[in-house]
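Keeping the supplied structure of chain D fixed, place chain E upon it in accordance with the hints.
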Amino acid sequence: MDSMAEIRNTFFQECAEQLSALEEGLIEMEEGAGSMDTVNSVFRAVHSIKGGAGAFKLVALVDFAHSFETVLDLIRSQKIVSDQSISKSLLRAMDVLADLVGLYRDGNAIAPSVYEQSLAELTEISSRCGQDESDDDELIDFAPSQIMIGGFADEEKTDYEIKFLPHARLYRNANDPVTLFRELGRLGELSVSAQLIKACEINEFDTEESYVAFRALISTTSTLDEMRAVFDFVIDDCELEINHKHSRSVENTELAQDPGILTSASSTIGLAVAMPESTTGNDQTSSTEQDPPAAELEVGRKGTSASTEESRDSKSNASQTIRVDLDRIDRLINLVGELVINQAMLASSISSAGAFAASKVSESLLELERLTRDIQESVMTIRAQPAKSLFQRMSRIVREVAMATGKSVRLKTEGEATEIDKTVIDLLADPLTHMIRNAVDHGLELPDARSAAGKPIEGNVKLAAAHRSGKVVITVADDGAGINRLRVLEAAKSKGLIPVDAQMSDSEIDNLLFLPGFSTAKSVSNVSGRGVGMDVVKRSIQALGGRISIASAPGAGTTFTLSLPLTLAVLDGIVVSVAEQTFVVPLTAIIETLKPDSMMISELGPGSTVIKVRGRFIPIVDVGQALNTRSELADPLSSVAILVEGANNSQRALLVDQILDQRQVVIKSLEVNYGAVQGIAAATILGDGRVAMIVDVDALVDLPTKNVAAEKYEYALAS
Amino acid sequence: MSLKVLTVDDSRTMRDMLRMTLSGVGMTVFQAEDGLHGLEVLETASPDLIITDINMPRLDGFGFIGEVRKKSNFGSTPILVLTTEADPEKKARARVAGATGWIVKPFEPERLIHSIHRVLA
Numbered sequence: 016m017d018s019m020a021e022i023r024n025t026f027f028q029e030c031a032e033q034l035s036a037l038e039e040g041l042i043e044m045e046e047g048a049g050s051m052d053t054v055n056s057v058f059r060a061v062h063s064i065k066g067g068a069g070a071f072k073l074v075a076l077v078d079f080a081h082s083f084e085t086v087l088d089l090i091r092s093q094k095i096v097s098d099q100s101i102s103k104s105l106l107r108a109m110d111v112l113a114d115l116v117g118l119y120r121d122g123n124a125i126a127p128s129v130y131e132q133s134l135a136e137l138t139e140i141s142s143r144c145g146q147d148e149s150d151d152d153e154l155i156d157f158a159p160s161q162i163m164i165g166g167f168a169d170e171e172k173t174d175y176e177i178k179f180l181p182h183a184r185l186y187r188n189a190n191d192p193v194t195l196f197r198e199l200g201r202l203g204e205l206s207v208s209a210q211l212i213k214a215c216e217i218n219e220f221d222t223e224e225s226y227v228a229f230r231a232l233i234s235t236t237s238t239l240d241e242m243r244a245v246f247d248f249v250i251d252d253c254e255l256e257i258n259h260k261h262s263r264s265v266e267n268t269e270l271a272q273d274p275g276i277l278t279s280a281s282s283t284i285g286l287a288v289a290m291p292e293s294t295t296g297n298d299q300t301s302s303t304e305q306d307p308p309a310a311e312l313e314v315g316r317k318g319t320s321a322s323t324e325e326s327r328d329s330k331s332n333a334s335q336t337i338r339v340d341l342d343r344i345d346r347l348i349n350l351v352g353e354l355v356i357n358q359a360m361l362a363s364s365i366s367s368a369g370a371f372a373a374s375k376v377s378e379s380l381l382e383l384e385r386l387t388r389d390i391q392e393s394v395m396t397i398r399a400q401p402a403k404s405l406f407q408r409m410s411r412i413v414r415e416v417a418m419a420t421g422k423s424v425r426l427k428t429e430g431e432a433t434e435i436d437k438t439v440i441d442l443l444a445d446p447l448t449h450m451i452r453n454a455v456d457h458g459l460e461l462p463d464a465r466s467a468a469g470k471p472i473e474g475n476v477k478l479a480a481a482h483r484s485g486k487v488v489i490t491v492a493d494d495g496a497g498i499n500r501l502r503v504l505e506a507a508k509s510k511g512l513i514p515v516d517a518q519m520s521d522s523e524i525d526n527l528l529f530l531p532g533f534s535t536a537k538s539v540s541n542v543s544g545r546g547v548g549m550d551v552v553k554r555s556i557q558a559l560g561g562r563i564s565i566a567s568a569p570g571a572g573t574t575f576t577l578s579l580p581l582t583l584a585v586l587d588g589i590v591v592s593v594a595e596q597t598f599v600v601p602l603t604a605i606i607e608t609l610k611p612d613s614m615m616i617s618e619l620g621p622g623s624t625v626i627k628v629r630g631r632f633i634p635i636v637d638v639g640q641a642l643n644t645r646s647e648l649a650d651p652l653s654s655v656a657i658l659v660e661g662a663n664n665s666q667r668a669l670l671v672d673q674i675l676d677q678r679q680v681v682i683k684s685l686e687v688n689y690g691a692v693q694g695i696a697a698a699t700i701l702g703d704g705r706v707a708m709i710v711d712v713d714a715l716v717d718l719p720t721k722n723v724a725a726e727k728y729e730y731a732l733a734s
Numbered sequence: 007m008s009l010k011v012l013t014v015d016d017s018r019t020m021r022d023m024l025r026m027t028l029s030g031v032g033m034t035v036f037q038a039e040d041g042l043h044g045l046e047v048l049e050t051a052s053p054d055l056i057i058t059d060i061n062m063p064r065l066d067g068f069g070f071i072g073e074v075r076k077k078s079n080f081g082s083t084p085i086l087v088l089t090t091e092a093d094p095e096k097k098a099r100a101r102v103a104g105a106t107g108w109i110v111k112p113f114e115p116e117r118l119i120h121s122i123h124r125v126l127a
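Top line first, the protein sequences correspond to chains D and E.
The numbering used here numbers the first residue of the first sequence as 16 and each following residue consecutively.
The numbering used here numbers the first residue of the second sequence as 7 and each following residue consecutively.
Keep in mind that the hints are not guaranteed to be accurate.
Each computed BS3-like pair below joins lysine-lysine, with the alpha-carbon atoms no more than 25 Å apart [to be verified]: (1) D:K94 - E:K96; (2) D:K72 - E:K96; (3) D:K213 - D:K178; (4) E:K10 - E:K76; (5) D:K72 - D:K178; (6) D:K486 - D:K683.
Please keep in mind that the hints were generated in silico from the structure rather than gathered at the bench.
One chain only, chain D, in its complex shape (with noise of 0.2 Å):
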């Protein structure tokens, strides 16, 4: 049985349909590609929610959408005709709309700043056509419009007749005076007669024409719209009068002196009326007690014919669907991983019991790699979403921050098919956000300095994903001024991010903007609070265990191009031995591996040294010393360097005593297995069965080590 909390999360999960939907059809209609069909899914889209919201009794969001609603049917019925500033004023309705239902949704406060603005400029358009939104109240009013209190016996009661001609449509439309009357009965004491006001011969009666005209008398406590309400469904198709009658007692003989709507009283017929002894709905539980238990019948599409399976449209597709629960999936994932690693252990027992390639075991064993590694893809897409409700989000964005700023913006989106990992689109949203308000922001020119430039005035930013050899690739361009190399440089200088004499190339300089500290923005901009930190960025997408990086072109623009893994579930790392001991180091973090000599290596003191790189000094952190698996320094003569970098973009080299191997390693979190280890990101268990430790690269960086010194050392001695 649904429960009325499972009904309201679906009513949440609808919202976030209808509100993919509202944006698709919107845009469309912004671009002027909108039909008729259009409007009409935007309408349904708002009206869906509107409905759904007023069951949980969503006042806010009831009359939002109403409004919402009053002016997309204004467009829908062509009183109105859109154009650029009503769909503007719908789409920004529409992020309001969002912010309402992810209001409600997470039970929180709605203060009406939340939605008053919108709501004027919804009420403004309306008010074009003379819709009164004020008056129109009726449709959502929660109160039924019955209330029905008995039993106060002393309460004076009064005598009503009642006069009721029905239409032939009535009977049409499957209503009956019986019923209507036995509803009435419910409201008091009543007794119906009724007379035949045509007459046909037998063979001809039509059972949907009306022959009959009631007359009633009740008397009762109920008002006169409580009784007319009992009408209400008919109420058109059909002649109604009630009227006060003072008498408490009714004589039957009123009727022929009374004519009034019946008008040929040529018979009067007596009409038992069969008044239940219970109230509302009562009786119908009772009657089927005996019934076999109701069963919940959704008939789905095995039901219809085929036929008409075609013509169905996406939203249908959206049932062939099933939820799972994210930690089913993940358990699944993990299994599967259990199973690569006991692949990788067979096969390496296998090779060193000495079987010879060809042999059968080798074959078998070949193929199940093969499976096996199937087996992992096809689970790791389980995980996987299009990026499009991503992009969703920061079309919003761009709408914002365009509106704040007073630029004119088109956001174009490639790839929106594009899977990607579940939780690296949720980690994703952040960053992504900051990208795409710098581009807009800073990225783009004013109007008046792109015309004078020869562009265009609307600025274009594009949003695009893409699988790239086994990585996810997104990139944010836009096609503005591009970075002002000069003023970066200045601005890293003035705040002693570089040596004022540093010579840098026009990426080193690009890459600057990566620096923790390092904003251009020449007053803090609302928008992009202090311009925001694109190093913020930076470690974002490296704690996704990606890449980042910039391109610009002076007067067309700037690239930021993201690579993430495709899955967070196993990483590329380089396997390396440290104290006879087995160690991953992300690949991701890695900018280079050395075989240092002693030219490279000089020391500021007792255990700090620092490595010189390309001119550059940076500190060398020993990895057995730093994880203490090891008490003696190891000498980096005789050791491997892996340069790094960490958040914050400081670098260090990490000695380890020997690269292994590379290779894809699976994931096992040492939190939930063991306990949190410092400098520890997570274990692996390699293919000859060992358990490997992935270091921590961000926490190796960060260790309190001697170095300190030798990393403020490091600028002073790159001159």
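Below, chain E without anything else, positioned relative to chain D:
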């Protein structure tokens, strides 16, 4: 036999609410997600009562009611319109199409059951 009700609404939320309300009082609930789907389900379900939304894709409530009324075996099946539209013009269109009555969303479960009993002879 318990009463058989066919509910036609494109909103899953509404369908779920109707099902909860109606099956809670022992009715058997059939569901369809728009007018065309409703017509497909109609013969299978052979309902005692139909509750339909107005705004739906493919075939809206007006069209659906009209089609139902054309079928001789459903000519006298009560059809209640469940809609947020309290617009008299819409009510009139629904009536002309053959609707028996209407319930304005959001519905109070008791009111809904009450309305159902009002149209079931």
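A quick look at each hint next to the structure:
With a C-alpha separation of about 17 Å, the suggested pairing of D:K94 with E:K96 holds against the 25 Å cut-off. For the proposed pair D:K72 and E:K96, the alpha carbon gap of about 24 Å is at most 25 Å, so the pair holds. Taken as a hint, the D:K213 and D:K178 pair is honoured in the structure, with Cα atoms around 17 Å apart against an allowance of 25 Å. Annotation: proposed proximity of E:K10 to E:K76 holds, straight-line Cα distance about 20 Å (limit 25 Å).
Using a Cα cut-off of 25 Å, the hinted pair D:K72 and D:K178 is violated, with the two alpha carbons roughly 39 Å apart. As the CA atoms of D:K486 and D:K683 are separated by approximately 21 Å, the hinted pair is consistent with the 25 Å bound.
Figure legend: structure checked against the earlier numbered hints; the only hint not met is number 5.
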